[in-house]
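Student: Listed here are the chains, written in short residue letters.
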Amino acid sequence: MREILSRIVPTLGRMRLLVQLFMLWLLVYGSSVVGYYAAEKISGTLPALSCAYDKRDGDYCVLIPTQHILHHRIGEAIAQGQEVALKMLLPLGFTVLSFFVFFVLLNKMFCGWICPLGTLQELVYRLGRLFRLDTRRLEERHTAKARPVKWLLLVLLVLALPLAAGLGVTPHETGDAFCQVCPSRLATTLLTGDAEQAAIHTGGLGFAFGAVANTLFGFVLVGALALRQPFCRICPLLAFNAFFQRTSPMRLVKQQHDRCAKCGICHEACPMDIHEIWQSHGRGAFHEDCTLCGRCAEFCPDDGVISIKLGPLTLFRSAREYYKRRIRRESPHGEMKTIVWHDRKGRKDHV
Amino acid sequence: MVARVMLAGCMLLAVADGVAYGGEGHGQHAGQTHQPAADVAQPWTTYPLIEETSASMRNRAVFDVRNLPALSVQVYPPTGQGKFPERFAVQGGDAPYESLLQNGRFALTPGRKGNYHWITARAEVDGEVRVASSVRYFSNPGPAPTAMLAQPKHELEIVPMPLPREHWHYREGESWKFLVRFQGSPQAGATLRLITEQGSRVQFVADRNGVAEVTIPQDLPLPTGGANAGHHTRQKARFVLVTSHDKAQKHYVTTFNYHYIPSAMRDRSLMAGTIFMLLGGLLATPLLRRTGRGKKEKLNA
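As given, the protein sequences belong to chains A and B, one line each in that order. Residues in the first sequence are numbered from 1 upward in steps of one, following the numbering used here. Residues in the second sequence are numbered from 1001 upward in steps of one, following the numbering used here.
In silico lysine to any residue, SDA-like type, Cα no more than 25 Å apart, as pairs:
#1 B/K1113 / B/L1101
#2 A/K55 / B/E1174
#3 A/K55 / B/L1179
#4 A/K309 / A/F243
#5 A/K145 / B/L1287
#6 A/K55 / B/S1175
#7 B/K1153 / B/L1071
#8 A/K55 / B/T1215
Negatives, chain A to chain B, calculated, CB over 10 Å:
#9 L106
#10 E276
#11 L310
#12 T314
In case anyone wonders, no lab produced these hints; they're calculated from the structure. Heads up, the beta-carbon is just placed ideally off N, CA and C, and yes, glycines get one too.
All chains should be modelled from the sequences, with the hints used to inform the complete structure.
Tutor: Structure representation (structure tokens):
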């Protein structure tokens, strides 16, 4: 049994891929499993970009109720001259609380293991490797420029514009401004065969939002062939999750090691190009952009330097023997080195 | 006596035409208000209706019961346990209750838990049993409406299968399934008649499971307030589904009324969307240029 399991799931990377594919299916088509109505009742506050515009989804993203409450409850109440009472803030409190119940279990693994858009970008990147396209990485100076964008999007599109729409300062369409430009809205609805979200409004602000959303989606789709996780780097949910990153017992831990300065393979393996995983240790190595995918730990060639921990439990730790096996299959950049074919008699043939 | 005269009058009109809609005035009205303002509009059908009025607010909906001499309505908040796996959803909710009508009007506030609240009114005169039904969605977490819909409430019923989820609507051109059941049993071959505020009349026949697939007609006029007015000013119009059944010298007529909105693609362009997607892809193509990195990596490997 153990042998069969180890053949199906030989690496952490394979386990993550299987979880990602299952969650992609569940979050895009899952209402048939969790129930047609239950889909909107599991939480509605998932720390991953699962879109409510998808008519078959199994749950949806925390950014949706956050924008709605700011728009319809708090913003409108202030605009009508009502005192902002506790009962208006309670829904926001409950949203954050139910989000936190999920989040505290897995931390930013929601980004690296569960988010449908993250999975799709990774699959496109794998496609790029099949086409033997060269890979692109963001240098340190580029990541320094890209990192603040997610905070800007969070503040502007998720918080400020919905609130301004509720106040009547900006048009109604800005009430869910982030959803209007979110590539996951297009990706997941297209996966269900629904082209409505890909079609853009023919006039007004809806046209502007649609133009930005579709251009961004096209950019992400093509860009992901060469660059890992292009949208994740500016995703406001990454920023939203970063607020709570240190409150979860699930975390990435890196010990200081003499050889780290010369190695840097963990940085090469990181899909988010987080240079801190190489250059820092301790708390500094678990950067706010880390999605807990575990690739740095998988590709670390030294025993116990990088590990993923849940409280006192070590779920995965770097090991030299594991690294040797892992590097035989895939380069840190994601280039597949070996394709294993099984003939009809079940014999392996390495190409 | 008054009720009998009213009912007879209603039936006579229904037999004659079934619908007496108000023409362009209704289209303009529905196009410019958040809720279909049933309280000020002319009657658009003679069938029994439970219509929401413009006096509604977020957590208090006001309804008029029309074309039905009922004295009260029955409200069914979502309660009980749905089938697996929806039983994992929050359980509880309020029991069904009766609310007296005042001049044909009543106010509905959400129960402790649950989104959809089912509302029905029933009147029986001279062997005629007429039932009106509708539904109201509140932003109120709670049990799924599965058990509430499954529960038999009257002799002849039209049951949406399913109701639109949050963020969804009945839309022009979309097909939705409705179950027709009599005394709890599906009615194979039952006829469902759809009448819209815009004057469309379409007939559908239930299959052997008593389920009819109803397609909402594309009959809404072009909006006058701009294509992107946002959903607070979204164009809406009313529709009613009607079915009837005869048994033991009694005639049963049941309606389900709600509203529908324009087709999703009405003010959208897939062509323009595709062009912008291609533009985005084009902007990303410099990332696909050869860097020599892959070659170097392959050599190292």
